[in-house]
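Number of protein chains: 2
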Amino acid sequence: MKRFGASVRCQREKVGLSQEKLAELANVHRTYISGMERGLQNISLLTMIKLAKALSVELDKLLSDI
Amino acid sequence: MKRFGASVRCQREKVGLSQEKLAELANVHRTYISGMERGLQNISLLTMIKLAKALSVELDKLLSDI
Chain A
1 MKRFGASVRC
11 QREKVGLSQE
21 KLAELANVHR
31 TYISGMERGL
41 QNISLLTMIK
51 LAKALSVELD
61 KLLSDI
Chain B
1 MKRFGASVRC
11 QREKVGLSQE
21 KLAELANVHR
31 TYISGMERGL
41 QNISLLTMIK
51 LAKALSVELD
61 KLLSDI
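Line order of the protein sequences matches chains A and B. Per UniProt numbering, the first sequence starts with residue 1, numbered consecutively. Per UniProt numbering, the second sequence starts with residue 1, numbered consecutively.
To be clear, the hints were calculated from the coordinates, so they are not data collected in a lab. Treat the hints loosely; a few may be bogus.
Identical chains blur together in the list; that is why a pair holds if it fits in one copy or across any two.
Only pairs whose alpha carbons sit at most 27 angstroms apart, straight line, appear in this in silico BS3-like list of lysine-lysine [unchecked claim]:
{"id": "1", "residue 1": "K14", "residue 2": "K61"}
{"id": "2", "residue 1": "K61", "residue 2": "K2"}
{"id": "3", "residue 1": "K53", "residue 2": "K2"}
Work out the full structure, taking the sequences as your base and the hints as a guide.
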């Protein structure tokens, strides 16, 4: 889960989004993003799909080294 | 979720595992595999990782067209 969180953070920073903005775009709470980036969330498929869309990236790219 | 389920079924059949055997290897209930392959389960990251290991495939391969 840590590696997925790091992957999301890396992509988020690459596209210049704050945690707040990503949370808004993905329709999740800001604290969820913070916890997930620290590997504390066992994220579900549907939430992953929303995050990938918000980050303008293919879902498999976020999971490429998991 | 349907496409992920179809992707798991395709890989499971490719490696010649029954739903029962995959469930045993991934340490989930057999009915979970059946529901997930029909797109009825909002699967979590940790369970996805267990499934990918049981199917001897990289996780991103199971998500390549999601």
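Verification of the supplied hints:
| no. | hint | verdict |
| --- | --- | --- |
| 1 | K14 x K61 | both (13 angstroms within a copy, 23 angstroms between copies) |
| 2 | K61 x K2 | both (15 angstroms within a copy, 19 angstroms between copies) |
| 3 | K53 x K2 | both (20 angstroms within a copy, 18 angstroms between copies) |
When each numbered hint is compared with the structure, no violation occurs for any of them.
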